[in-house]
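Chemist: What follows is the residue order along each chain.
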Amino acid sequence: MNILMIEDDPETAAYVAQSLREERHAVSLAKDGPEGLATARNGGWDIIIVDRLLPELDGVSVVRRLRAEGIEAPVLFLTALSGIDERVAGLNAGGDDYLAKPFALSELLARVQALGRRSRTTVTTVLRIADLEIDLIAHKVFRGGCAIDLQPREFQLLEYLMRYSDQVVTRAMLLENVWGLHFDPRTNVVETHISRLRAKLSRGDKPDLIQTVRGNGYRLRALA
Amino acid sequence: MGTASVPLPKIFRTSSFRLTLLYSGFFLFCCLVLFLVFYWAAADSMARQIDNSVASEIGEIKADAKTQDIDSLKSTVDLLAKTSADFSYLLQDRDGHRLAGNLPAMTPTLGISEQPNQMDPDEGKTLRGRGVRLPNDVFLFVALSTYQMHQMRQAMVKAFLWGMLVTLVLSLIGGTFMSLSILGRVEALSRASREIVDSDMKRRIPLRGSNDEFDHLVVSLNAMLDRITGLMDGIRQVSSDIAHDLRTPLTRLRQRVEVTLHREQDVFSLRLGYEKTLRDIDSILEIFDALLRISRLESTSPATQFQPVDLTEVLLTAVEVYMPITEEKHQILTEIVAPGLTVVGDRQLLLQLFANVIENALRHTPVMTEIQVRGLSTDDAIRVTVEDNGPGIPETQHDLVFRRFFRCDPARRGPGSGLGLSLVAAIAACHNCKVTLADTAPGLRVTFEFPRMTRT
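Heads up: the sequence lines are chains A and B, in that order. Numbering-wise, the first sequence is residues 736 to 959 according to my numbering. Numbering-wise, the second sequence is residues 15 to 470 according to my numbering.
Keep in mind the hints are simulated off the structure, nothing from the lab. Among these hints, one or two may not hold up.
[Stated by the list, open to error] Far from chain B, some chain A residues (derived; all Cβ distances over 12 Å):
| # | residue |
| --- | --- |
| 1 | Ala752 |
| 2 | Arg776 |
| 3 | Gly778 |
| 4 | Gly805 |
| 5 | Glu807 |
| 6 | Pro837 |
| 7 | Met897 |
| 8 | Arg921 |
[Unchecked claim] Coverage of chain B stretches by chain A, computed from C-beta distances (three or more under 8 Å per stretch; other residues unrestricted):
| # | stretch |
| --- | --- |
| 9 | 93-99 |
| 10 | 238-250 |
Don't be surprised by glycine CBs; every beta carbon is placed ideally from N, CA and C.
My request is simple: use the sequences and hints to build the entire structure.
Modeler: Given below as C-alpha cells:
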C-alpha cells in the first residue's frame, strides 16, 4: 500500500516507516502540517497516518482540509493525547481510526492493514472462509452446511474477524469495533469471548479457524 | 524560597494616614461651618443690641421733643452729647445745618445706618445708629460706636483660627500614630506570613484575641494556609504513591531484563523474555494512562461534551462483556436494568465506570459469588447498584478505596494498580453522580445516583 505519514518526531517516523516497509508498504514521510498537506494533495495514497500535534498546522486541521478538498484516503490519527474528547475531535475531523501513543507497533500495523482493507470493501451479504459462511442479512452462520447458533455479540465478533480475515486483528480493535469500548479492561475479556466463539465454531472436532497471534491478537484463516 | 514583597509604604502614603487626613479635613470644614453660623449669630445679636439701645435713646428724645420747642430740644441734645459716654448725637435742620450734638452734619438717612466716625477714624471704629425725623422737620441721628463689636469679632476669628491650627496639628499627630499602629500590625502579619511561606508551612499566624478586623484577617489567612498545606500534602502523597507503586513493576521489569540477558541463551527464551518485558512495560504505561485520565477528569470539565446517554445500553453492554468471564470463574453475574434509563454524560466514560466496578467485584470475590447489577429510576434520581455477596470491604476503608493507589490488601499481591476505583470516583464526580458504599453483610453494595435528566 502507498502510505503517507505526517509525523514531526523523526525517530517515531523512521521507526514506523521502517516497520511498514518491512511489511512491503511504500512509505512517504512529511514532517509538518503544511508539508503533509501539500504531499497529501498529490493523491494516490491508500492510507494517511497523521500525528495530532504537528508544528504549524495541527493534524486535525490538516485532515479537515483534506476532506474539504475531497481527498478520501483513510486517515489514522496518532496522538499523545489520550482523552476521549481528543478521539472524538479526531474522528469528527474525518479521521477513520485513532491510536494513542505510546502504541505497540503490531497494533499500528494491524490497524493500517484493516484500514487498507476497509477502503476496498465492497458491499457483500455473505462472507465465506473455508467451510465457514455467514449471512449478514439473515444473521446466520454455517459451518460445513450446519447452522451454528451464535449470540448477537458473538455474531458481530465473527463478522469482524471474517471481514478482516487473513490479517491480524488486535484485542483493542475488537473491543472498539465489536463492543464499542475505547479502553482496555484489565481482565482478559476478549480472550474469554474468543474462546467461547472458538468452541462453538469447532464443535464436532472441526479444525480451529481462529488463530491466536501471540502478544498481538487473532487471525481468522482458511488453513489453521 | 524567596517571596516577592512590596516594601512597606512611607507613613504619609499609607491608606490609614490618608484616611486620617481626609477625615481631619472634613472635620475642619464642619468646624468652619459651625463657626460661621455662630459668628453670624453673635454679630447679629450684638448689632441688634446696639440698635435697641439707640432706639430707646431716640424714644426718650422723641418724647421730650413732643413737649419742647426747638431751642430747648437743642440744649437737651447738647447736654446729652456732653454727658453721655457712649452715645453720639446729631440734630440738624431741614437744610442740613447742624443744630446740636457732637457729630458733624450728614446727609439725612432714615433708619439704621453705619457712618464713619469723623472724630476717631481708626479702622473698625465706625458708628452704628438710627436717623429719625422729628416734628418741626428736624433730623435726629443717635449712634453708638461699633468698636466693641468689632473687637469681639476679631477675637472670635482669632480664637477660631488658633483652634483650627491646634485641631489640625492634633489630627496629624493622631493620624500618624494611628497609621503607625496599623502599619505595625500589617507589617507583623506580612512578616509572619512570609516566614511561614519561606520556612515552616506548619506554623500559623497567632491570633490577638481582640476579635477585631485583623483577627478576622488572620483567621482567613490561616484557613488559606490550611488549605494550601492540605493540597501540598495531597500532591506529596500522590507523588510518593506513584513513586512507590511504580517501583514494584519497574523492579520486576529490571529483574526480568537482567535474567533474560544473563541466563537465556537460545533465541526462543530470549524472545520469551522480551515478550514478558514488553508486557511489563505495557502495564506500567497503563498505570500512567490511568493516572493521566484521572487527573484530566479532575482538572478539566468534560461536561461541555456531554450528551444524553442510554444508560440501560451501557449497563447491559458492561454486563455482557463480563458475563463469560464470570461464568468461567464460576461466579454469577445478573442484571435487572429498567429499560430507557437516560443520563447526561459520556458513553465511554460511563462504560469504563461500570466496567471497573464490575471487574472489581469479580476480581475481589471468590467462586460462587453472585454479582448483581441493578438500574432503576426513582423519583429524584437514576440509581444503579452493583452488589455482591463476597467478603465486602471493612467500613473503615469505605472512604479510602477511592484514593489513588489504595489497595485493601496491604501486601499488594495480585494484579491491579489501585487506580480502578479512583477512576470510578473521578468519572462519577464529573457526572454529578453520588457514589456510596454499603456493607450488605456479607458483601458490598456500590450505589450510584445520577441526577435525573431535566427535559427541555
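Chemist: Checking a non-interface call: every C-beta of chain B should be farther than 12 Å from the C-beta of Gly778 (chain A). Is that right?
Modeler: Gly778 (chain A) clear of chain B: closest Cβ-Cβ about 34 Å, beyond 12 Å.
Chemist: Taking a Cβ-to-Cβ distance below 8 Å as contact, does the stretch 238-250 of chain B have at least three residues touching chain A?
Modeler: The restraint on the stretch 238-250 of chain B is violated, since only 0 of its residues have a Cβ under 8 Å from chain A and three are required.
Chemist: The output says Arg921 (chain A) does not contact chain B. Does that hold with a beta carbon cutoff of 12 Å?
Modeler: violated, 7 Å
Chemist: Pro837 (chain A) clear of chain B by more than 12 Å, beta carbon to beta carbon?
Modeler: violated, 6 Å
Chemist: Would the non-interface assignment of Ala752 (chain A) survive a Cβ cutoff of 12 Å against chain B?
Modeler: Nearest chain B Cβ is 21 Å from Ala752 (chain A), so the label holds.
Chemist: The output says Glu807 (chain A) does not contact chain B. Does that hold with a beta carbon cutoff of 12 Å?
Modeler: holds, 27 Å
Chemist: Are there three or more residues in the stretch 93-99 of chain B whose C-beta lies closer than 8 Å to some C-beta of chain A?
Modeler: Check failed, 0 qualifying residues.
Chemist: Is the Cβ of Arg776 (chain A) farther than 12 Å from every Cβ of chain B?
Modeler: holds, 32 Å
Chemist: Would you assess whether Met897 (chain A), listed as outside the interface, keeps its beta-carbon beyond 12 Å of every beta-carbon in chain B?
Modeler: holds, 20 Å
Chemist: Taking the closest pair, is the beta carbon of Gly805 (chain A) still more than 12 Å from chain B?
Modeler: holds, 29 Å
In this structure, the earlier hints numbered 6, 8, 9 and 10 are contradicted, and the remaining ones agree with it.
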